[in-house]
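Please take these sequences and the hints and turn them into a complete structure.
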Amino acid sequence: MAAALAPRLLEALGPDAVRVDPEDLAVYGFDAYSESVLPTAAVVPRDAREVAIAVRIAGECGEPVVPRGAGTGLCGGAVPTRGGLVISFARMNRILELDAANRRARVQPGLINLDLSRAAAPHGVFYAPDPSSQKISTIGGNVGTNAGGPHCLSYGTTTNHVLGVEFVDGAGELHRTSIDDPGYDLTGLLVGSEGTLGVVTAVDVRLLRLPEAVRVCVAAFADVEAASEAVSAIIGAGIVPTALEIMDALITRAVEAHYHAGYPENAGAVLLVELAGAPDDVAAGEHVLAGIAREHGALSWRAARDAAERDALWAARKGAAGAIGRIAPNYYIQDACVPRTRLPEVMHAIDAIARDHRLPVGNVFHAGDGNLHPLLIFDRREKRQVQAVVDAGTAILETCIAMGGTISGEHGIGHEKRETLSLVFSADDLAAMARVRDVFDPARRFNPDKIFPSGAMCGEVGARPAVRGA
Amino acid sequence: MIVRKRRKPSYALGELAPARTVEPEDAAAAALALSDAARAGEAVVAHGGGTLQQSANAPARYDVALLTRRLDALHAYDPRDLTAGAGAGITLDALRRALEEHRQFVPFDAPRPADATLGGTLAAGFAGPRRLTYGRPRDLLIGATVALADGTLASSGGMVVKNVTGYDMGKLYVGSHGTLGVLVRANLKVLPAPAARRLAISPFDPDLRARVVAHARARLIEPTALLVIDGFPGAASDAPRDRRPRVVALFEGSESAVERAMRAYRSALGAAGVGATRVLDDAAAGDAFQSVLDAYVEHAGKASMTFVARGLPASAAERADGAIALGAMFRATHAAAGYGIDVIADLRTGDVVARFASSGFDANRAAEFVEAAAMIRETLGPAQRLAAHPAVAGLVDAWGEPPATLAAMRALKERFDPKGVLAPGRFVGGI
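Heads up: the sequence lines are chains A and B, in that order. So my numbering is basically just the index in the first sequence, starting at one, shifted up by 13. So my numbering is basically just the index in the second sequence, starting at one, shifted up by 61.
Bear in mind the hints are in silico, worked out from the structure with no lab data behind them. Glycine included, C-beta positions come from ideal geometry on N, C-alpha and C. Some hints here could point you the wrong way.
Claimed, not checked - Computed footprint of chain B on chain A, listed as stretches where at least three residues anywhere in the stretch have a Cβ under 8 Å from a Cβ of chain B: (1) 50-63; (2) 156-170; (3) 290-296.
Stated by the list, open to error - Over the 12 Å line for every Cβ pair with chain A, so calculated as not near, a few chain B residues: (4) ASP124; (5) LEU135; (6) ASP299; (7) ASP382; (8) LYS480.
As structure tokens, this is what we get:
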């Protein structure tokens, strides 16, 4: 059957839209997490109709379908695990409609996240979810993982900004959903389903009005725990700025070496705060936040002078992972979320775990949301270190779960964390989710081997230990 | 668990009353009640405060009323986390009181919060005027536990504000009217309460409408809610019986931001020559706004039916004028026959709420109600019923034309409730 896939796709869509040579397929076999097996074929469709044709042919050939945005995912969500078809949205990257008056847009899934806000800005509106990868990641990929970003603290994640989608089902039929439709919220199910329920071919998004005033401030602290205490206190005081980000010393130094954005290089930790809204509110908010920060040990507090400095601070923050790449042979970035009051405690625990495993750790994270991103630094040529990273990563997730948190805040489960999912959810919880999968993808051809633990589909969830003790 | 024989048909829906009620004391008991009913083939309808029961169809079969009122605990609320977890049966007022103490709130726009429950509000999925500022119920739910027809309890999400761990099942349950399972516990994102609130009520005037819309576009004001109300006496009106068309603007935020918006709003009023504006502060503003939400489910006359059309993709100006025109059109054709119409146009969200009422009701009038509903749906597009007198509720499908994705919805129902015991027939397309 697999042999039939490529010729049938070529016949239906032509050589311009279909890739079958191994050297062409190599780019579809990896994402930011891992390399995996190559697909049998890849298509680069020009429109939804071609996506539907490709999905239908894959179905008739019994082949899996893996949708792919920019491949920036950190959990193996976009890589094939058993050949089949990869659908790349590289050519479906247009804004179909921008309706600034009603604050909405209709876009193709391959549109780069930042391109949407850039196109919307002259109309006084923007698209709020801003993952650090926004210069290259796509709206479709963001929809798949329900991507977040620093500004989700006050604006919410991707799912809060998607008004509807167009998607292709397993039979190759096109459907359109809207959160205003009567009936079950299919839009809400599809967002964050990591391509396991259908292939999204268009997205209706909500746009927000650009804030009148924006202020970005930087505070220096002695260490991450002190900065975390300040964040917990700010949230506890009932103040929700637009962003509250922490970088530890290791990350700050790496970022400054690369970007020279003006972060205090000698600080043990840096808190990046953004306030947005009416000018008076922003000014008053800064006053209150600076006070709370000082009470919790802030060594300095400084506001960016102008938009250029503000942009530079943000560019550096969002480029942190890349900057680490310059000083570390390899790194593994973890994603977990805890209740905000547990931040200081969990940061302390992560530090201890890293020391136990003799791994350097950097922390750059969405502190206001309790969304952690410890970066474990290692050298993949050292076998001991590779095992230590796996063990430390697991220990961190277990710690977060024990604190009432969860194992992914914004990157998704993908292939990487599928076995860990049963640490968070019971067999009954997973069975309810599997019912949704049964409806949309009974044959398990949409992005197989993702999200669900390997035993989950045959009724043996929980029968096997998903993660070895660290 | 208390199992009580029915004494009075207070949980009746349409022409059916349940043979018995159950009042589970915890989540496990709720799950057990469902599996018992499923085994016996009994149809179950969950009841919270009953405030939005008319927004779904009457059930096709109905044996057991599952009352969630004992599931009313506030399980987990640490104000420093800005999250709260509570049982489905807690009333919105009780929840509000607990949060108010810490100057926090959950911005549900729900009618009759003294009766409305958390579970019922989520199950009905009702999203009101403030949703562009604060989000819809679907956006506020971060974790859910649901009792399923097979007697299992299924949780999803958690107690964190960012979460992509497994499917976002909460989205599926919100607005599902208990047709897939019974929500027993919900975790919510809570927000700092706005420090100040003002509500301005002015007589409707097309010039005022135009200026307010222009002001909003020029960023001078961003009301939390901006409504044109025609009729609905008692809903932010000057006197209980006052039906005159009016513009209602709600401003929430910091004291300085609200003051600044009010100055700009007053200048729009002045420029339009509208003098007679009443401005209410804080608690009074909140009460007046609540009176509008309450009106969404209030009955009128001897028989009435209320519909909401969502998010009309027209300009704010067209929405307001369209709503006023709709009212005028109905009055011109129906007033003499003892019919009335009330309309609310939400200039921010594009929702239009329309209530058709008659001063008397008999069998002959049934056809007129069917016609009126059709006319409302023809004028406004797909509109969901929000409320109806029992006498007329059965005349018109609560949901109107089902969406093109109905087949997937039917398949979900079949997979979650294969025996069809959960609120059968209440949902879209007969689900």
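Self-check item: ASP299(B) and chain A, when compared Cβ to Cβ, separated by more than 12 Å
Solution: Given a closest Cβ separation of 30 Å, the condition holds.
Practice problem: Three residues minimum, CB to CB under 8 Å: does the region 50-63 of chain A make the cut for coverage by chain B? Let me know. | Solution: violated (count 0)
Quiz item: Taking a Cβ-Cβ distance under 8 Å as contact, does the region 290-296 of chain A have three or more residues in contact with chain B?
Solution: holds (count 4)
Exercise. Hey, is ASP124(B) genuinely clear of chain A, shortest beta carbon separation above 12 Å?
Key: Label holds. Min Cβ-Cβ 24 Å, cutoff 12 Å.
Quiz prompt | Residues of the region 156-170 of chain A with Cβ under 8 Å from chain B, three needed, outcome | solution = Since three or more residues must qualify, the claim that chain B covers the region 156-170 of chain A holds, with 6 doing so at under 8 Å.
Quiz item: Does LEU135(B) really sit off the interface, with its C-beta more than 12 Å from all C-beta atoms of chain A?
Solution: holds, 16 Å
Practice problem: Quick one: work out the minimum CB distance from LYS480(B) to chain A and report holds if it exceeds 12 Å, violated otherwise. | Solution: holds, 14 Å
Quiz prompt | Interface-negative label, ASP382(B) against chain A, beta-carbon threshold 12 Å | solution = Non-interface label on ASP382(B) holds, nearest chain A Cβ at 16 Å vs cutoff 12 Å.
Hint 1 from the list above is the single one not met by this structure.
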